[in-house]
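Taken in order, these protein sequences are the chains called A and B.
Reading the first sequence from the start, the letters are residues 1 to 304 in the working numbering.
Reading the second sequence from the start, the letters are residues 1 to 441 in the working numbering.
In short, the hints are calculated from the structure, not lab data.
Just so you know, not all the hints are guaranteed correct.
Unchecked claim - To be clear about the criterion: a stretch of chain B counts as covered by chain A if any three or more of its residues have a C-beta under 8 Å from a C-beta of chain A, and this derived list gives those stretches: (1) 32-39; (2) 43-54; (3) 215-221.
Claimed, not checked - A few chain A residues that don't get close to chain B, going by computed Cβ distances all over 12 Å: (4) Tyr3; (5) Ser98; (6) Ile105; (7) Ile118; (8) Pro130; (9) Leu139; (10) Ala146; (11) Ser168; (12) Pro251.
Said to hold, decoys possible - A few chain A positions that, by computed beta-carbon distances, are all more than 10 Å from chain B: (13) Ile52; (14) Ile152; (15) Ile154; (16) Ile155; (17) Phe158; (18) Leu170; (19) Leu176; (20) Leu296.
Ideal Cβ placement from N, Cα and C applies to all residues, glycine included.
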Amino acid sequence: MDYFLQQLINGIALGSIYGLVAIGYTMVYGIIGMINFAHGDVFMVGAFLALIAFLALVAIGVTAVPLALFLVLLIAMLLTALYGWAVERLAYRPLRGSFRLAPLISAIGMSIVLQNYIQITQGARVKPLPPLITGGYTLLDHGGFAVQLSNIQIIIVFTTFVLMLAFSWLVAATRLGRDMRACEQDLKMASLVGVDVDRTISLTFVIGAALAAVAGIMYLLYYGVIDFFIGFVAGVKAFTAAVLGGIGSLPGAMLGGLLIGLIETFWSAYFSIEYKDVASFSILVLVLIFLPTGILGRPEVEKV
Amino acid sequence: MPNEVASAKPGTNFDVVGALKDAGLAALIAFGLFSLILGLRTEQDQISQQLALIPRPLLLAGAVAVVFAGRFLVALLVRRGGMIDPGALLPHRLTAKLDRLGRFLAPALLAFAIATPFLFYSNRYLLDLGILVLTYVMLGWGLNVVVGLAGLLDLGYVAFYAVGAYSYALIAQHFGLSFWICLPLAGIFAAFWGVLLGFPVLRLRGDYLAIVTLAFGEIIRLVIINWSSLTGGPNGIASIPRPSFFGIPFTDDEHGFAAFFGLEFSSTHRVVFLFYVILALALLTNYATLRLRRLPIGRAWEALREDEIACRSLGINTTHTKLTAFAIGAMIGGIAGSFFATRQGFISPESFVFMESALVLAIVVLGGMGSQLGVAIAALVMIGGFELFRGFEQFRMLVFGVVMVAIMVWRPRGLIANRTPSVFLEQRKVIPAALVEKARR
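Just chain B, same shape as in the assembly (with noise of 0.2 Å):
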């Protein structure tokens, strides 16, 4: 609002007639916006299928009165016209204190997710949550490589769990190979189409590069939609083979997993497997994300991801070093897509739309490009706490989309990230998120 930002008086702290001015004009605006899709809505008839209009006055009045009030506040107590300063809503010391918080509660969450099949072992509905969280968290790990680290921003990262479950199912369907053989199978599988994809359009400056992988995410969904007669076409694949314990399957017979241990027959067995299957493929990743930011390939990332001209006249292979997060953090995706096939049992293209890729971007965009605790915490927040309010189902992508520009807006680095360079020379150097703008600008 120009006109807004002209007249707002520098000094001025309680301008209430100002305010009201604001507030005002930014209702009108809403009113605006909303009055048409927020007051009326289209509901078709069902016996003459014509469309009818169905007013709702007062959600339109709430709506403007949500924005009035909003904006009223917001022009009253901070300063008007201007941005919200980032620095303002978390102060340097917080952020200081939130890092050294983070020290501990990463081994505290750790803790907790190793705890958890013992504490809710007879909540079938909290282990499978747990399950979906940590499969979140993992693909969350994966798009980190790729996005978090070498700065490359991938909008088609769900194609390569798609290629990780389909892969599963084909093989463990048509080979009969078990689970633990198809795991790394599926994981260079994906790797595999990662490189492929990668190699032509990793030349591409980084907007241009985000659209070709979301092009590709779609080509790959589309084409497992048509080809019906290799993956089923739209029923998908359904009675994929479940894993076993290292080849004791998990059934009520003598030679099932309950009558190996000498333990009474429970379903739940599965499911605690599974959890710390996918504990352990999420800790692996994470370790080796980890280990991967100290070797040469993970400094050039890091590199490639503040500066691509910099880099290139060191004499950093650019593209190589691309290809190299690309095709891990796709083998990470296929890894996990193979998890969620053999965990669910069936698959189908449904799974794998254009919002799972922006659900797995938000998660790493909120957690902080390049934290791993970050991702895991909002990971578990976005996911898990969504479940908790199931009534509010249908709002989670709106928010994860709010979410998504109100990080960008107010702290672009994500909400705990602390870009710590992974190898360093004296002394460890924390540069807070804020800095690190402020340099750039």
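Chain A extracted, bound-state conformation (with noise of 0.2 Å):
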């Protein structure tokens, strides 16, 4: 029991990062129904980005870990955001109107791109970062086994609340968001009634691309190392988050990207550690083939 309930707190932890990775997938395929292949790198270079923030830093001398944190925190979200506009503005727009498989191809394209250039720049080594946030607390302890809950945790699953509460906000109430939802129902009547259609499609990769930033920070301090590749297994598990809560559903996603992080924590745990990416790319294969529109999606009507 005690190790079942340690288990569902490091699920929790891994499951609202992947949440926050599959929120990106999950807006951009509802409104422009492509699957942005490179999110999962745009993610890892978010990593990256605010592992190099923070070192810089540090060798400036900012050293108080909260100001640290917070400043890193900035930097890594507006880069990262740069980054999630720069792939759109290069490799998705021009291709709107083209053949239906080429912004997936390109998209492809754009996830070696820049899986490459962080290899080829920052080298092909795992990064190690010294743990920051430290401590936690002790929840059950019936000798022998403790259940542990560490502050890092703690930090993780607050900020995702706190980010998935002004995200649904954003989208419910303001005037950015009813475009987002005009632009998910009909790209070509928004456009008609006066939204900005190429802004919304852009801010949607902006603020999609600064919650993945923020989901890499989260890795970095969880997990204390990084590489030029963990975008893509990541990046693959989260869309398998957005797809198992139904694409294009913002809940869904969160709601996804617990249970992907809970199956495969307690996967790990009670099964075999080694198997754990075969399962969660089988819950994908599953999903897709069983339950396409996910847990809380919506049919997709195919139109002529």
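Two independent chains are provided; combine them into the complex using the hints.
Here it is in structure tokens:
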């Protein structure tokens, strides 16, 4: 039971990170109907930006951890958002109205570009970062096994929760959110009634990238090591989360993220850690085959 | 950049100030993008294991300057704001000329390929490179059936390559069957896997299908890594039997190939033989594909690529059609894989990563989906070309990625793609890719 509780905590923390990345997939898919294959790599770029920004801040003498973390968050979100914008502008916008697989192929190309760009400029080795946020609470201790809740896990879940609230508010109550919902329903019609479609799509990518940056920072703090390849696996899992929750649905992305995090953690804990990625990928396959609309998604109508 | 589009004045051809403004903005964005990643390099200290930053101001300045200059030129010379018209880059007449050239190019390339072992007999390195290029040509043609003809984006193609390689290695080691028996077996196995994996997922929409194939590719690779008792795990399988010349081994004794034909023993014989084997396999693939395109199933593939809903309305069983394409593509991949295994003599999961799938896909995309000649040229340029520039090895995938994006932006049907329908009514008509694109909008 204690072991179960511990895995539950770990799974929720991991699932929060996946959920934040999944939002980027689900929003883009909702609006322009493409799988932004490069989103996982944008997440990876965000983690790298955070790492470098942190080292640079330490180098210029900002050593107070809360201040440094706040600045890192700001810098990483800003620059990753810029990456998100640039990716959309260079690789996706020119393709609107092209044949249906073109954006996906372009996104795969972009994903390869980002991965190799980081590999060439920063090296292929893993980058370790000593733990910044330590400590935590012992929840239960029946001798032998103690259930730990670390501070970083609290921060991850809390940040995710706040960001989700803020983002839901943005979609539900602001002008931009209304534009986004309009674009989601019908791009052409939205542009006819005066929604600046290009700008809305750009901002969607920007927000998605900024959320991915937050996820990247949390990944960096949680695991303490990153390399140029983390984006691929995390990206596929986050996409699985988005599909599982119902692509296009925001609460679905979060729910899917939590489920994937939990499944992965429990699978590693109770079955075999070697096959944890196989488990996630299999879920992706099974969900796409048997439940393509996801848990909270709406069925898609094919139009001619 | 929406604000730039708004400020662009039509009719002003050389707007230097505007171009400077444009370039300045682009340079600013580039600075933002590159500042941390290019400008600073994280390096792990050998002793303390701590990460240290190494500033690279010159590289950063250089990159920003390149973006500034590039954007300035583009803004000045091409109409500001809008995208470059693809037609302007490669005018219609040039494409037609390329097409006419292509008719002579294909036999010329074939003749060159056949003559290569004679021309470069003493150059072992070039022969090995030739084998590598031909392997990718074959993989490209195989994937072309799936992506180019049937229009199904397969991101896990390397899985079938792996199935072929491992089935040859395992059958040959455990049952002692020869290469020539294993080759079709490996192909059949891979096709079987293609059907097995394809059957449940082929009902899915295009982009979902792509992701599922990617997941399958990864699952197969992870299973190979972890199923150590069968596959040797990450260590792979070593000492895979080498092929023999139809039963005569390439050894230095009286039963060997050299002694049989009264030649002096040379290790190059085997390489030359392997070269011709893969050339023959690739040509067989090409011939089979070209014939298949004229069969009803081939026509159905091409129709499916153009419009799935119309296909279904016409009574074509889309699942079966897709499944055939998938299985045939898988079979070709499997045959190429078993060739790979016998050539290397050693296989490990390292050779079957997603990047390999992406590489083959990039070759197909660059060559023009559906174009046999284009794929061959793309493989030659992308694999052979990069081997010649050894120092730039690490930039290869970067260039591949850039090429994939650039092709999709400028010429989505590939560099030399003219989509000629394989079957036509009275007169052969070439539809330039540009026109097709226009018609679709």
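Against the structure, test the hints numbered earlier, and report the numbers of the ones violated in rising order.
5, 6, 7, 8 and 13
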